[in-house]
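J.: Chain by chain, the residues run as shown.
Protein chains: 2
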Amino acid sequence: MTERKAILLIMDGLSDRPVSDLGDKTPLEYAQTPAMDAAAARGVCGLMDPIAPGCVAGSDTAHLALLGLNPYEIYSGRGPFEAAGIDMEVQPGDVAFRVNFSTVDDDLRVVDRRAGRITEGTHELAQALNGLEIDGVKCYFKESVAHRAALVLRGEGLGANVSDVDPHEVGAKIWEAKGADEASQRTAEVVNKFVRKSHEILREHPVNKKRQAEGKLPANIALPRGAGLAPHIGQSFDERFGLKSACIVETGLIRGIGVYLKMDIIDVEGATGGLDSDVMATAKAVVQALDDHNFVLCNIKGPDVAGHDQDAMAKVQMIERIDQAVRYITDNVPSDTYLVLTADHSTPIEVGDHSGDPVPLVIDGPGVRVDEVTQFNERAVTAGGLLRVRGTDLMLMLTNLMGVQHKFGA
Amino acid sequence: MTERKAILLIMDGLSDRPVSDLGDKTPLEYAQTPAMDAAAARGVCGLMDPIAPGCVAGSDTAHLALLGLNPYEIYSGRGPFEAAGIDMEVQPGDVAFRVNFSTVDDDLRVVDRRAGRITEGTHELAQALNGLEIDGVKCYFKESVAHRAALVLRGEGLGANVSDVDPHEVGAKIWEAKGADEASQRTAEVVNKFVRKSHEILREHPVNKKRQAEGKLPANIALPRGAGLAPHIGQSFDERFGLKSACIVETGLIRGIGVYLKMDIIDVEGATGGLDSDVMATAKAVVQALDDHNFVLCNIKGPDVAGHDQDAMAKVQMIERIDQAVRYITDNVPSDTYLVLTADHSTPIEVGDHSGDPVPLVIDGPGVRVDEVTQFNERAVTAGGLLRVRGTDLMLMLTNLMGVQHKFGA
Numbered sequence: 003m004t005e006r007k008a009i010l011l012i013m014d015g016l017s018d019r020p021v022s023d024l025g026d027k028t029p030l031e032y033a034q035t036p037a038m039d040a041a042a043a044r045g046v047c048g049l050m051d052p053i054a055p056g057c058v059a060g061s062d063t064a065h066l067a068l069l070g071l072n073p074y075e076i077y078s079g080r081g082p083f084e085a086a087g088i089d090m091e092v093q094p095g096d097v098a099f100r101v102n103f104s105t106v107d108d109d110l111r112v113v114d115r116r117a118g119r120i121t122e123g124t125h126e127l128a129q130a131l132n133g134l135e136i137d138g139v140k141c142y143f144k145e146s147v148a149h150r151a152a153l154v155l156r157g158e159g160l161g162a163n164v165s166d167v168d169p170h171e172v173g174a175k176i177w178e179a180k181g182a183d184e185a186s187q188r189t190a191e192v193v194n195k196f197v198r199k200s201h202e203i204l205r206e207h208p209v210n211k212k213r214q215a216e217g218k219l220p221a222n223i224a225l226p227r228g229a230g231l232a233p234h235i236g237q238s239f240d241e242r243f244g245l246k247s248a249c250i251v252e253t254g255l256i257r258g259i260g261v262y263l264k265m266d267i268i269d270v271e272g273a274t275g276g277l278d279s280d281v282m283a284t285a286k287a288v289v290q291a292l293d294d295h296n297f298v299l300c301n302i303k304g305p306d307v308a309g310h311d312q313d314a315m316a317k318v319q320m321i322e323r324i325d326q327a328v329r330y331i332t333d334n335v336p337s338d339t340y341l342v343l344t345a346d347h348s349t350p351i352e353v354g355d356h357s358g359d360p361v362p363l364v365i366d367g368p369g370v371r372v373d374e375v376t377q378f379n380e381r382a383v384t385a386g387g388l389l390r391v392r393g394t395d396l397m398l399m400l401t402n403l404m405g406v407q408h409k410f411g412a
Numbered sequence: 003m004t005e006r007k008a009i010l011l012i013m014d015g016l017s018d019r020p021v022s023d024l025g026d027k028t029p030l031e032y033a034q035t036p037a038m039d040a041a042a043a044r045g046v047c048g049l050m051d052p053i054a055p056g057c058v059a060g061s062d063t064a065h066l067a068l069l070g071l072n073p074y075e076i077y078s079g080r081g082p083f084e085a086a087g088i089d090m091e092v093q094p095g096d097v098a099f100r101v102n103f104s105t106v107d108d109d110l111r112v113v114d115r116r117a118g119r120i121t122e123g124t125h126e127l128a129q130a131l132n133g134l135e136i137d138g139v140k141c142y143f144k145e146s147v148a149h150r151a152a153l154v155l156r157g158e159g160l161g162a163n164v165s166d167v168d169p170h171e172v173g174a175k176i177w178e179a180k181g182a183d184e185a186s187q188r189t190a191e192v193v194n195k196f197v198r199k200s201h202e203i204l205r206e207h208p209v210n211k212k213r214q215a216e217g218k219l220p221a222n223i224a225l226p227r228g229a230g231l232a233p234h235i236g237q238s239f240d241e242r243f244g245l246k247s248a249c250i251v252e253t254g255l256i257r258g259i260g261v262y263l264k265m266d267i268i269d270v271e272g273a274t275g276g277l278d279s280d281v282m283a284t285a286k287a288v289v290q291a292l293d294d295h296n297f298v299l300c301n302i303k304g305p306d307v308a309g310h311d312q313d314a315m316a317k318v319q320m321i322e323r324i325d326q327a328v329r330y331i332t333d334n335v336p337s338d339t340y341l342v343l344t345a346d347h348s349t350p351i352e353v354g355d356h357s358g359d360p361v362p363l364v365i366d367g368p369g370v371r372v373d374e375v376t377q378f379n380e381r382a383v384t385a386g387g388l389l390r391v392r393g394t395d396l397m398l399m400l401t402n403l404m405g406v407q408h409k410f411g412a
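Same order as they appear, the protein sequences are chains A and B. Everything in the first sequence is counted per our numbering, starting at 3 for the first residue and increasing by one. Everything in the second sequence is counted per our numbering, starting at 3 for the first residue and increasing by one.
Quick caveat, the hints were computed from the structure, so don't treat them as lab data. Do not take every clue at face value.
Note: identical chains are not told apart, hence a pair may lie in one copy or across any two.
Said to hold, decoys possible - EDC-like mimics (lysine to aspartate or glutamate), calculated; alpha carbons at most 16 Å apart, straight line: (1) Lys-409 with Glu-122; (2) Lys-175 with Asp-278; (3) Lys-264 with Glu-241; (4) Lys-27 with Asp-373; (5) Lys-409 with Asp-293; (6) Lys-409 with Glu-374; (7) Lys-180 with Glu-374; (8) Lys-195 with Asp-294; (9) Lys-409 with Asp-280; (10) Lys-144 with Asp-89; (11) Lys-140 with Asp-266; (12) Lys-199 with Asp-373; (13) Lys-409 with Asp-355.
Quick caveat, the model's predicted, so the values are computed rather than measured.
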């Protein structure tokens, strides 16, 4: 059998519930999606529970499951993946946090959680905090986009059951981090000392002096949240599945999962993660990546954004734009390439957030047991040949078809 | 409720993918199978993942799962089941191997992996190796068919993460067994000493002197492979499920599983495990076994052989011959006997080896929720009432119907 390649296209938050404004169709049912429907007609379809039926999955936990890892075993918080997503080194056993540069008053009450939506000087501010050592724990700090940053703690016996310092509310006093077990208590103490230290250092920093002289809010404190323990995952994704993989995604969080699993990261200009994203640029990058990879993970964020916005027509339009990208991909890859279309979770218009409803799945490519389904949407796929599977099944199903999986037994 | 009996007919490697030469039907879809279709029409159908969706199962791991055991917990290699299959005593904690009698030169390079396909004198050769004691480990050795044999090591603290000695290649020097952990390293040392000892003993053995005088290749070494730790399984199959079971199968490996689970083994003359097998003799043995058993496991190997041969028409013909055996069985057992038709894995024509595609399942017998399915094949059963289940579910579903299962809870 010749080597076969595969594309896993995850349309973030794609699936939905019936929307009355759309005549009780879901946005995916309502949208005109001839390319996705053609894939459904050629392929084998089914429902997928990204983690478990009814489980309201995050994008991170769902992507871990779709990439073959058990999120219940390895996931304790998004911090490590956010940090990896901005190319910080994250080692198993590290505890990492998302951080906001924020503005507080002298009583440590939050004036602005985003420090006046600071965009410049954050590199210098981050440098002033990076490398601190507190109680024998090394503190690595790096800026991300705008007011965002990440903190990685490295040392012996750290715990990740640490509560947030960011009170998520203007006017509230910052919270003391608390640990739910002994290791996490020790870690929380380090975090609290780090936060106080960040205030001492940042309030005197020239970047902030300049901002205040210009009438801007100073980024005078770093507020961590989303603690997570960096998991031991053993082999890389490629080692585990016998693949050479590329990761083309739009958000730092999912990028961080790709980095953590040691996939080749390909950043695409114009892939903004918003409704304005240049999905055709992403499609071209996917096709190109197949030249020297046999597996491409691609995430397009737009449908999730529209779902959070509760904007049904924006979601329909985003889906129709993605359909053109799917058309481009199917027109430009070898015909024996597997194309998997699915979502990481539902983000229903009526909810405005993630939900635990299952997602549609099609696997299009050689050898599949083609079924009668001719439309790609939440309800049509229930008549498909895959029936109902789980996210953690997907990579086994795909590597089986690709012929790269080792037999278990004799 | 009167006592009900059950037959579990596993058609090895039965299921497949669409084959273009068969008009994009699978061999099972293409074959004329009126008896199996009648069972599907009377029964309840579905898809089954022998181990997990997409998991490429071996015959051994799949049979363990279908018999209610978790292969991820208990399976480390085929050795113990091969040894049990030739009626060697295998105790939990033993480490066992498949072995070839081979021919090597004085540099221990392989001249023939099968020792000139030796057929006679292997009992005497095996006797010369059986009972050796090396570093406090007892070595039990027994011949199987032709050049095949098995080795069982018994002693304290053995490990089964031991690599093969057989280099699987003519002209190559035999490999040194290596252990992946401390117990396995110790075990590998015993294996290496055993192999050298086998060469010392066998090259001087009268059987080989005679072979050489006749111009035949001497079976002058024993080359182990496929190390496995004999698992602790607790109760026998019958104790676990409240059954009195018989095992009617065609290969030593599956026979060994039956022996290990303490099922009554019934050997059938003419059941060759090949495409020429007398499946009607097997069918008769199944019917007869039901006289004094209430559960019969039957495996017919032919479909897997045709799949490995990538011979679609041979697979179709084998399936049609099995259908006649199914007809004989249904015509000759009490009408309230449960008949389960399924496979242990797919062996698709296009792959020529096992694949992780799901297999069709029908349970025909009293009380099942009869569905609309009227054909027994991979795609028709997806409309069935069982939807999609796993191999380890099967014995619970069956003992539930038979009325022999104890309530879990109150």
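J.: Give a verdict on every hint.
T.: Structure-based check of each hint:
1. Lys-409 with Glu-122: Neither: 54 Å inside a chain and 33 Å across chains, both beyond 16 Å.
2. Lys-175 with Asp-278: Close neither inside one copy (37 Å) nor across copies (63 Å); limit 16 Å.
3. Lys-264 with Glu-241: Cα proximity of Lys-264 and Glu-241: one copy only (10 Å, versus 39 Å across).
4. Lys-27 with Asp-373: For Lys-27 and Asp-373, only the inter-copy Cα distance (12 Å) is at most 16 Å; the intra-copy one is 23 Å.
5. Lys-409 with Asp-293: neither (27 Å within a copy, 38 Å between copies)
6. Lys-409 with Glu-374: For Lys-409 and Glu-374, the Cα distance exceeds 16 Å both inside one copy (30 Å) and across copies (34 Å).
7. Lys-180 with Glu-374: neither (55 Å within a copy, 51 Å between copies)
8. Lys-195 with Asp-294: neither (47 Å within a copy, 46 Å between copies)
9. Lys-409 with Asp-280: Classified as neither; 41 Å inside a copy, 29 Å across copies.
10. Lys-144 with Asp-89: Close inside one copy (9 Å), not across copies (58 Å); limit 16 Å.
11. Lys-140 with Asp-266: neither (28 Å within a copy, 51 Å between copies)
12. Lys-199 with Asp-373: For Lys-199 and Asp-373, neither the intra-copy (62 Å) nor the inter-copy (58 Å) Cα distance is at most 16 Å.
13. Lys-409 with Asp-355: So Lys-409 and Asp-355 pass the 16 Å test across copies only (9 Å; inside, 40 Å).
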